[in-house]
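Q: Chains as they are written, first to last, in our numbering: chain D, 1 to 403; chain P, 1 to 403; chain L, 1 to 403; chain E, 1 to 403.
Simulated from the structure, these hints should not be mistaken for lab results.
It should be emphasised that the depicted structure is a prediction, and the values quoted were computed from it without experimental measurement.
Just so you know, not all the hints are guaranteed correct.
[To be verified] 30 Å max Cα-Cα, derived DSS-like pairs, lysine-lysine:
no.	chain 1	residue 1	chain 2	residue 2
1	L	Lys-357	L	Lys-99
2	D	Lys-99	D	Lys-357
3	E	Lys-357	D	Lys-357
4	P	Lys-99	D	Lys-99
5	E	Lys-99	L	Lys-99
Protein chains: 4
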Amino acid sequence: SGREPSPAAATRAVGLRAAFRSVRAHTGALAGPLSAEDQVIQSMPDASPTKWHRAHTTWFFEQFLLEPHVPGYRRFDERLAYLYNSYYVAAGPRHARPKRGLITRPDGATVAAYRAHVDAAVDALLADETALPPGIAGIVEIGLNHEQQHQELILTDILHAFSENPIAPAYDPEWRWRAAARAPGTLSIPEGIHTIGHQGDGFSYDNEGPAHRALVGPVAIARGLVTNGDWLAFMRDGGYANAALWLSDGFAAVQQEGWRAPGYWREQDGRWEVMTLGGLQPVDPAAPVCHVSYYEADAFARWAGRHLPAESEWEVGVRSGELADAFGVVWQWTRSAYAPYPGYRAADGALGEYNGKFMVNQMVLRGSSLATPPGHARTTYRNFFPPSARWQFTGVRLASFPS
Amino acid sequence: SGREPSPAAATRAVGLRAAFRSVRAHTGALAGPLSAEDQVIQSMPDASPTKWHRAHTTWFFEQFLLEPHVPGYRRFDERLAYLYNSYYVAAGPRHARPKRGLITRPDGATVAAYRAHVDAAVDALLADETALPPGIAGIVEIGLNHEQQHQELILTDILHAFSENPIAPAYDPEWRWRAAARAPGTLSIPEGIHTIGHQGDGFSYDNEGPAHRALVGPVAIARGLVTNGDWLAFMRDGGYANAALWLSDGFAAVQQEGWRAPGYWREQDGRWEVMTLGGLQPVDPAAPVCHVSYYEADAFARWAGRHLPAESEWEVGVRSGELADAFGVVWQWTRSAYAPYPGYRAADGALGEYNGKFMVNQMVLRGSSLATPPGHARTTYRNFFPPSARWQFTGVRLASFPS
Amino acid sequence: SGREPSPAAATRAVGLRAAFRSVRAHTGALAGPLSAEDQVIQSMPDASPTKWHRAHTTWFFEQFLLEPHVPGYRRFDERLAYLYNSYYVAAGPRHARPKRGLITRPDGATVAAYRAHVDAAVDALLADETALPPGIAGIVEIGLNHEQQHQELILTDILHAFSENPIAPAYDPEWRWRAAARAPGTLSIPEGIHTIGHQGDGFSYDNEGPAHRALVGPVAIARGLVTNGDWLAFMRDGGYANAALWLSDGFAAVQQEGWRAPGYWREQDGRWEVMTLGGLQPVDPAAPVCHVSYYEADAFARWAGRHLPAESEWEVGVRSGELADAFGVVWQWTRSAYAPYPGYRAADGALGEYNGKFMVNQMVLRGSSLATPPGHARTTYRNFFPPSARWQFTGVRLASFPS
Amino acid sequence: SGREPSPAAATRAVGLRAAFRSVRAHTGALAGPLSAEDQVIQSMPDASPTKWHRAHTTWFFEQFLLEPHVPGYRRFDERLAYLYNSYYVAAGPRHARPKRGLITRPDGATVAAYRAHVDAAVDALLADETALPPGIAGIVEIGLNHEQQHQELILTDILHAFSENPIAPAYDPEWRWRAAARAPGTLSIPEGIHTIGHQGDGFSYDNEGPAHRALVGPVAIARGLVTNGDWLAFMRDGGYANAALWLSDGFAAVQQEGWRAPGYWREQDGRWEVMTLGGLQPVDPAAPVCHVSYYEADAFARWAGRHLPAESEWEVGVRSGELADAFGVVWQWTRSAYAPYPGYRAADGALGEYNGKFMVNQMVLRGSSLATPPGHARTTYRNFFPPSARWQFTGVRLASFPS
Ligand SMILES: [Fe+3]
Ligand SMILES: [Fe+3]
Ligand SMILES: [Fe+3]
Ligand SMILES: [Fe+3]
């Protein structure tokens, strides 16, 4: 999966209504293995209940597509706008984020009915795609991409929830980590001016633009990902105890949180196990390391005498087609803080809050993960999380500079 | 309900097995109106999920009755001892209290099976009550009383959970507050030596003894409870804003928590409503005030030029039979800190942790509430909560001293 | 020092002006060994800077004596009323308590001038004691007792501050703990009705009344104090690790604070040292244990198969004259929560805030300590602190009940 | 002060010993107006006492210069290494940062003696500069630059401390804000490759290198600074209440901290005053805005339809000599997160901890402020603080992009 999987294909090729049906159905499939009980809880403020994801992605279409653009549309239930708005200040008051796990009613069946109500209305709207008013297709498209983001979160959040349960339930008992691609060596990128960011008419988020010229390189980027085996060597070498390897905030996190291995790892009788979507499993040295924070990625790189790539370096490297596991395995931390591209300006209105207001105190991740839904990844895609986050499927690709 | 409702009757008269069946069935009935989703969440660290209450009360019988006293008993699932031990250090490690709301599995049906498994074993054990080994009846009795306590908590905790839901679900849409008994005036108790605490062979908790002699009175105790109407007068008089009426810690709580009315009250367009087991309802001035903290009860008493009764005064007063609404309406805060009676010593072993280790930083409440199950109340019963607690069914009866 | 040291003598016998001069001079003497730097800092929210104590006790006379009762009195500096009001809501807004250590200006010399300014005005007022308007003597007397309380706090607070300094400064290098009195055995008090609380015309705080009749006994009270040697035995027996000995809140404090010995104890190379007013010194097994919290006192009593006395038991015991070290060594925790005596009502106005508003969440201590100034102790004196407090000079006297 | 004030001149031209004497004397002069009391306190965890700054800068020379490089050097007092190490893990254990304000002893006079002791030893070492062992000059130079950084902090920290004092003391009653330079319009920088970072043999911190090529522009940078008058317009326009202008974390800070104006501003009777080194003064609309956080700078830029410059843009702009008030007025927030330049690697050993380990969660500021000591500023200088910091002398210069 070194090359980008032709992201917008799913949407564009099959037509908007088919794409809508497909993405919406995928959400249902993801929730399938989960009971109503599983779907109601929130295991930490940064995670959300599955039921909330199901309802919130539905509210998104109701709020931004149906309500303003379909005359006569009747909301399923006025109260849900309050419950299922996430953070759009311009869209009105919201239920407090840390209290999402207290909403047992409306129950799961009602949320299913809510989804069906909105699906029917959108389906009707999209019946004749040739007659769509201007702007509608764009809103549908962002709604689908939005839902795909929440599809990944459904998996990361339920994994966190299950990891808090002493009996370690499995989301899918058959689920297993695969080995990382064998891809030794590095790709050398000489100094050059490249255009970074999204161009062309395919879908992208606003934070992927404006496309702009940037000087990239010289730099060498590892063709493969860091593995659990690499990480075990770091641990055996006392990596988590050696302050000299860490950013100051990073080592403070190590001490406060008691980190001594990646997230979800547990030592049992001298062997390491890891909580996965398949339940507790032995750590596989050949698999890519996952659930490491930026702090850990940075410390590992320093221990290895390497660096993390900048996001522009990663983007240029991926375009060459010579990096393995760029997509579909683990998100890859970059050393780039999440910031606006030169000249970026968020759109007006509630949808302008989608990305821009989070451009501080976070680090960029590139690529995609095993939890990213099909068709959602993109070479210019910018994911972002605080440097302490570990519950996402986050891993490491190294880089180095010629000396 | 001024007189004690003959507490042990339910247990003693009908026989142990019938009592067991009856109490266990009542728990099921209480959970009846609640969905699996309702039963899984925990709305604050001091509250517990309904499913947890159902499982924990079952664990209590397994841990203290079946496991040690029934040869060959096989635990339903070893892992549940860890999940459903509440605070008995001597009974082994426990799941962290604030994380009780993260246990979606075992699911509600499994907990029902757990209850059935234990019920069958206890039923078999109690088949011939005349042949019970010594001590068994006592353990069953404390197990039933323990379950009754959790029956009240099922109601207080689900009310709290529902109060956190913006759509304000009703546990029982028919539920309504009743007016307080009309009982003007006070009961005068002259100075005298009384025996305080439990005597006789009926069941009681260890904290109700040793019975001991105490000097009580002179004091006058109100025959009736403080009502919502009384409280509205306190509010109109600026009670929540007048620091001179409050204990220092109490006023700090007022300011930090933003209290300006009893718990669960909400002002809507200038009218007060209150969240109840029947959902949001208008505040009824004739109903007893409820969901007030000790701090509020104390401030109200000062505003009224009165005091709260000591628990010994309350006990002597109730014995006279002249106090209305002593039982079955709201617990009544006393001015007595929760402390051991002279010579009290907790029993050895895990059951010794039942009461004694909580005897600090809490205030005694007497009587019982509308949520207390039938047959559980007792004149010598000592309930206790921190002075800031408001989610229990807690109200106020006043007292005064001759000057 | 088993008998009460005739408390009011200092004030009454020598005349009000002489008493005023004497108490005020004693504050100056206590601050004598401390530099301006020592006097400015606040080492925790519950402690106060020496300079603050010096200024606040002066403000007390200005606020409650001079301003209302001396026509034409001019305040030294209006801004000091804001800075040096402690908690009297009725006396106006106050500087935030946790920020007392940020006031480098006014400097120490200015506070000395403030003291001189107020001293002169009070001295003039008291020149002819026979001509004092009614009420004045009472205000002076409470002002002097108030200042004596702060004299003890000057010592407890500077000890805490110095204990936070890695070089462990000594307040008085000559200071040493003395051995506890050798007083084996117990005093038996049979059941009887006693009058508890302050009677007569000597000075007392409002919380010592109303005097009231109470049933006390049967109980036996240890004639001597618990010593460091006793405490070392408790420690060797695993006292701090045995949850069964502790109140639940107490064991939580042990774990959260990492307590494994009394306050200010430090283990150096296997030997115990203790931070004192004389600096770091070896722990003397014969000295009374000090700087233990109520939680620790309670756990120790349980370990010893004993109890703590109630405050009424302590008072009756002391009146018998047969308890050693009742005064002048360490305050003695009682098992009594700090509560109003029956019929207690705080006075109106700011001085009514002196005691009453703290009557919750605290435990009563009786006696006095080595840091209590001469003439301040009283048999009916009620000191009070939260059960977790350790920075006061707090120790333990045991009691037991006939079985 | 648009051009860089020839930073290393002070050190290089006059010779190392003269530079050493000059910088050390300047620290003494800065502390001159402050009493021992002023110098001992710490008003928040991020600030430090003046006495601490005086001792810590001295410890730096003792630790890194005298101890390793002067045979026979005897430390002034072994205990001070523990007290006055700031954050150098490799240099041994340290006193906890938030407790720096509890060290009343050693007193101010002892710290003066410490300074004299170290000054004498360094002076002797530098007596013959031509005979210095290799490496010594570099350590002295970093020690002097280090001390200059703390000179600025002496001022920022005492201003914070005084701002917490209700009587608002003045560090220097004559101190006044000056008007910002009148410099309308912008400097346009076309796209081009520039070398960013420090080159040549003058002193610089490691974070200013490696010098590297970067593509900068097209961008336009304001020639002048944002003023208080500009900021008052932002405030009048509801800037602090309009969530749409803010980063999400920024608006959370606004709400949590209650920000409604820059740091140290206070509204008195409808007029704005600001706490300064000269005490409370009216806000001057012509003066540059100061004590704004990155969050505020970013929101202001968005309100103005502009951006903040990147640090590379700022550096190129300043090199042109056409930006006013680049140095000596207020540090200027850039939109660049603090990150290593490509290929940056911190040195081994304790001095390697100087800068590199802080390269996350902070934003870069460029230029210098009125509190920066003479000779310390540099075009390539990278200052950095968390985006919420307001107690430094931080202001705003705007930029914009051609559309
Ligand atoms: Fe969303
Ligand atoms: Fe229980
Ligand atoms: Fe006071
Ligand atoms: Fe430093």
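Q: Take the hints in turn and mark each one as holding or not.
A: Results for each hint:
For the suggested pair L/Lys-357 and L/Lys-99, the alpha carbons sit about 22 Å apart, so the restraint of at most 30 Å is met. With a C-alpha separation of about 22 Å, the suggested pairing of D/Lys-99 with D/Lys-357 holds against the 30 Å cut-off. Restraint check for E/Lys-357 and D/Lys-357: the C-alpha separation of about 27 Å stays at or below 30 Å, so the hint holds. A threshold of 30 Å between alpha carbons decides the hint, and for P/Lys-99 with D/Lys-99 the separation of about 14 Å falls inside it, so the pair holds.
Of the pairs offered as hints, the one joining E/Lys-99 and L/Lys-99 holds, with about 14 Å between alpha carbons and a cut-off of 30 Å not exceeded.
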